[in-house]
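So the protein sequences, as listed, match chains Y and U.
Residue numbers for the first sequence follow the numbering used here, beginning at 1 and rising by one.
Residue numbers for the second sequence follow the numbering used here, beginning at 80 and rising by one.
If you're looking for bench data, these hints aren't it; they were derived computationally from the structure.
As the structure is a computational prediction, the values presented were derived from the model and not from experiment.
Incorrect hints may have been included.
Stated by the list, open to error - Listing some non-contacts, in silico: residues in chain U with all C-beta distances to chain Y over 12 angstroms:
| # | residue |
| --- | --- |
| 1 | Arg120 |
| 2 | Val158 |
| 3 | Leu163 |
| 4 | Val211 |
| 5 | Pro293 |
| 6 | Lys439 |
What the hints assert, rightly or not - Some chain U residues judged to face chain Y by a derived CB distance under 8 angstroms, without partners named:
| # | residue |
| --- | --- |
| 7 | Tyr170 |
| 8 | Gly247 |
| 9 | Leu366 |
| 10 | Ala505 |
Said to hold, decoys possible - Which residues of chain U face chain Y? A partial, calculated answer using Cβ under 8 angstroms:
| # | residue |
| --- | --- |
| 11 | Gly289 |
| 12 | Val291 |
| 13 | Pro303 |
| 14 | Leu306 |
| 15 | Ala506 |
We put the beta carbon where it would ideally sit given N, CA and C, even for glycine.
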Amino acid sequence: MRHRLVPTLAVCFYLAMVFFVTYPGYVPFNRIQPFVFGLPFSLFWQVLWITSSIFVLAGVFFWEQRRARRAPPADDERQ
Amino acid sequence: MERWVTVTLVTAGYLVLSLLVGWVSGRRASDTVTGYVAGDRGFGLLVMYFVMGAMMFSAFAFLGTPGWAYSRGAASFYVFSYALLGFAPWYFLGPMVARVGRVYGHVTQAELLSHRFQSTTLSVLIAIVSIVAFVPYIALQMKGAGIVFNAVTDGHVPIWLGALVAYGVVILYVLRSGVLGVGWTNTFQGIFMVIIAWVLGLWLPNHLYGGVGPMFERIAELRPELLTAPGLDADGSGSWGWGSYSSAILVSAIGVTMWPHLFMKAFAAKDDKTIKLTMALYPTFLLFLLPLYFIAFAGVLFESSPPSADFILPHMILSTNVAPVLVGLFCAGALAASMSTGDAMLHASASIYVQDMHRKVFDRKLSDHSRRRLIRVLAVVVGVASFYTAVSTEMSLVALLLAAYGAIVQLAPITAAAFFWRRATAAGAVTGLVLGSLVTLLLYGFPQLRPFGLHEGIVGLAVNCLALVLVSLATSRPLEDHVDSFIKASRGAV
Chain Y
1 MRHRLVPTLA VCFYLAMVFF VTYPGYVPFN RIQPFVFGLP FSLFWQVLWI
51 TSSIFVLAGV FFWEQRRARR APPADDERQ
Chain U
80 MERWVTVTLV TAGYLVLSLL VGWVSGRRAS DTVTGYVAGD RGFGLLVMYF
130 VMGAMMFSAF AFLGTPGWAY SRGAASFYVF SYALLGFAPW YFLGPMVARV
180 GRVYGHVTQA ELLSHRFQST TLSVLIAIVS IVAFVPYIAL QMKGAGIVFN
230 AVTDGHVPIW LGALVAYGVV ILYVLRSGVL GVGWTNTFQG IFMVIIAWVL
280 GLWLPNHLYG GVGPMFERIA ELRPELLTAP GLDADGSGSW GWGSYSSAIL
330 VSAIGVTMWP HLFMKAFAAK DDKTIKLTMA LYPTFLLFLL PLYFIAFAGV
380 LFESSPPSAD FILPHMILST NVAPVLVGLF CAGALAASMS TGDAMLHASA
430 SIYVQDMHRK VFDRKLSDHS RRRLIRVLAV VVGVASFYTA VSTEMSLVAL
480 LLAAYGAIVQ LAPITAAAFF WRRATAAGAV TGLVLGSLVT LLLYGFPQLR
530 PFGLHEGIVG LAVNCLALVL VSLATSRPLE DHVDSFIKAS RGAV
């Protein structure tokens, strides 16, 4: 199932996010110190997930584009 | 010239500009329902990005979220989480929805779902749920526009007049240009909103505390309870509690994913690539909330406080000697937030009524031309109904809105089943939707019945899923060929 690997990893990223921004995953990172870019760590943690999301979905996008160029799209979708 | 006059002039100038953009953009649409509702499926990346972003950033984002940050601190961080988690699934769901729409000619969510389940009842039910959810939401946007107008003009413009003027403009361009008007004004309004928010959001903490870092350090010293989740509860006395914080994220995220106007914008996209890139880039729009938080947190240690937390943004702008032109631009930014959400919803609810209810129940042979005319009439009707709700009710708006959210969440199991569970039947879908909505309403009315204090939407969702599965298994299989071709269409292999 190699053709599914990258999207599956992306889904895992969001499942991990659900864990790390709610109870109890958020608890260890839900703190004021240290300040990062002037933000308390609890707020920086939120910004970090948002920023990472851009790279995750952009990664999936470019991976899909490259794969589509290699294989003819018809075979590609039939799986 | 008096300060409020300058402010009003700048704001009025902005409204005229919005109207122009919305008016001109409709010239390129074809004269069909697909042209009016789905922009001839021709939205490119720029417009899609701002339609999705600006649509979600409503008056609530511009006034409500900062209000929460100001009064309840880190409780408001849940907005970041749910907004991201609610949109991310669209990277995968969006292209599936769009492909099915292209194959079968759907332009609304109910058309798609009732096609899969071959049920008119389902179409009508979804239409009702959507419109019930839309009216209070639009009313809230109108009220937000009115409040901003009222605050920045020192009360010279009453709330109803502000709302009327802003939404008069919206109605004009929605009537004339349909979804293209919504798309291009949202692009214009979105760019405008982001610039205004960042300029003021960085300037204000700098002006008052010497920077964002020093500001948070002062708050950490004096009010540390505001900077860690789950933040404070509604009256600002105790902790909000992890249960409420976490379930608020889950319910809102599922609710966001299911908004009917998101489906409609997926149908408007040019191709799958556009949807995927939009969703990948969407979090950049989310970061635009950050400067609004800065302004709100700047208010925490400020010498004066606003009449209510929702006024914190206008209050900070008005009490810190910002130049009147900038205040006017801020006012315009807040109007942009309100209008860019309200327009999409007005357009969506009118289209849904005509496509999914009127056409199915009252008049099956409606021509394309009369459908378009009816959608326009309905946009005005929904606008007037929402305006009446906005002006006549006081507090119950937020209450109505929360109930509506619980209803929208109930569309999630059917949508998931439509794409991923071949065995799901129409009877199962209808039973699940009805039971789930009823349970949600019941628990909403009688909060003491909620098990473990869980959010009513979650309980309704559990009942909904259970009913969907059990009833589907108890009824006879749906037509194999029909489901097959639907699922094949969603995967792009037709």
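Hints and how they fare:
{"no.": "1", "hint": "Arg120", "verdict": "holds, 19 angstroms"}
{"no.": "2", "hint": "Val158", "verdict": "violated, 9 angstroms"}
{"no.": "3", "hint": "Leu163", "verdict": "violated, 6 angstroms"}
{"no.": "4", "hint": "Val211", "verdict": "holds, 28 angstroms"}
{"no.": "5", "hint": "Pro293", "verdict": "violated, 8 angstroms"}
{"no.": "6", "hint": "Lys439", "verdict": "holds, 32 angstroms"}
{"no.": "7", "hint": "Tyr170", "verdict": "holds, 5 angstroms"}
{"no.": "8", "hint": "Gly247", "verdict": "violated, 36 angstroms"}
{"no.": "9", "hint": "Leu366", "verdict": "holds, 6 angstroms"}
{"no.": "10", "hint": "Ala505", "verdict": "violated, 28 angstroms"}
{"no.": "11", "hint": "Gly289", "verdict": "violated, 11 angstroms"}
{"no.": "12", "hint": "Val291", "verdict": "holds, 4 angstroms"}
{"no.": "13", "hint": "Pro303", "verdict": "holds, 6 angstroms"}
{"no.": "14", "hint": "Leu306", "verdict": "holds, 4 angstroms"}
{"no.": "15", "hint": "Ala506", "verdict": "violated, 31 angstroms"}
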